[in-house]
Structures are given as structure tokens and as C-alpha cells.
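Generate the whole structure from the sequences, applying the supplied hints.
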Amino acid sequence: MIELVPPPSTSGKSLMERVEDALLPLINLVFLLLMFFIVAGQLADDPLPDLPATPASAEQQSPHADLFVDAQGRWRAGGETLDAQTLLQHLPEPDAQNPLKIAAASTIAMADLEALLRKLEQGGFDEIMLLTEPET
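Numbering of the sequence shown is given in my numbering, commencing with residue 1 and proceeding in unit increments.
FRET-style restraints, in silico, Cβ to Cβ:
no.: 1; residue 1: 106; residue 2: 27; range: 49 to 55 Å
no.: 2; residue 1: 119; residue 2: 36; range: 54 to 60 Å
no.: 3; residue 1: 32; residue 2: 118; range: 58 to 64 Å
These are computed hints drawn from the structure, not numbers from a lab.
Computed from a prediction, not measured in an experiment: that's the story for all the values here.
Positions of the beta carbon are idealized from the N, C-alpha and C atoms, including for glycine.
Written out as C-alpha cells, the structure reads:
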């Protein structure tokens with residue numbers, strides 16, 4: 001009778017040594033893939049370009065806001081510069097359905113913004129939406 005399965009090669013290696021030899025190319029492949037992704041991740045630090053449908057920053061309009069705050073902490077509403085006494089008179093009535101929209105400069109000091117928010121809280125405004133633009 002003829003054997004269909006040939007006997008294992010007798011190269012002098014044990015079964016464990018043959019398994020280790022078979023795993024070595026797989027370990028090398030995983031190491032190379034790891035190195036590839038490390039290098040590729042370092043090369044992709046550049047920000048993504050603007051999409052073609054994105055309007056240029058010069059074409060963007062200022063947002064609709066009830067109150068504007070500049071970098072020096074001055075308040076404007078309806079084209080008028082306001083102070084602490086006239087602020088609440090020039091703003092719409094507090095409404096939970098339509099929050100007060102404040103457009104603040106991105107470089108405003110946090111102390112100025114906090115003083116404004118405290119004044120608005122005293123005036124009855126519970127819902128406020130803060131609009132800012134990121135620095136470019």
C-alpha cells in the first residue's frame with residue numbers, strides 16, 4: 001500500500017523550531033507595517049487644504065448677533081456703544097426660546113467676558129449663545 005501523506009522531513013529540527021521558523025516572516029511583516037504607519041503619521045502633520053466649496057474668509061459676513069464685544073471689552077448693540085447702565089435697555093427681552101446672541105472677539109480677556117455675563121445674568125438672561133471666530 002502507498003502512503004498518501006509523506007512522512008515529516010527529518011531535518012533535525014523539532015516541531016517547536018519549525019513553528020518558530022514559520023512565524024518569523026509574519027513577525028517581520030507586522031514590524032514593517034508598524035514602521036510604515038509611524039513614518040506615514042509623521043509625514044501627515046500638514047493641515048488639510050480648504051475645500052473648494054468653502055468661501056474665503058474675506059467673503060464671510062459677520063454673524064447676526066444681539067450684542068457685539070470687541071477685543072478691548074467694549075459693548076455695541078444696534079450700532080451704539082453701550083455701558084453698564086444702558087446695556088439692558090438696548091437688548092431684547094430675555095426669552096428662553098431665543099437665546100441672546102453675543103459675538104465676541106477671539107482675543108477678548110476672560111475677565112471682560114465674565115463681567116458681561118454677570119451683568120446679563122442680573123438682567124434676567126438665562127440662555128446666552130456665544131459666537132466667536134477662530135484665529136487664522
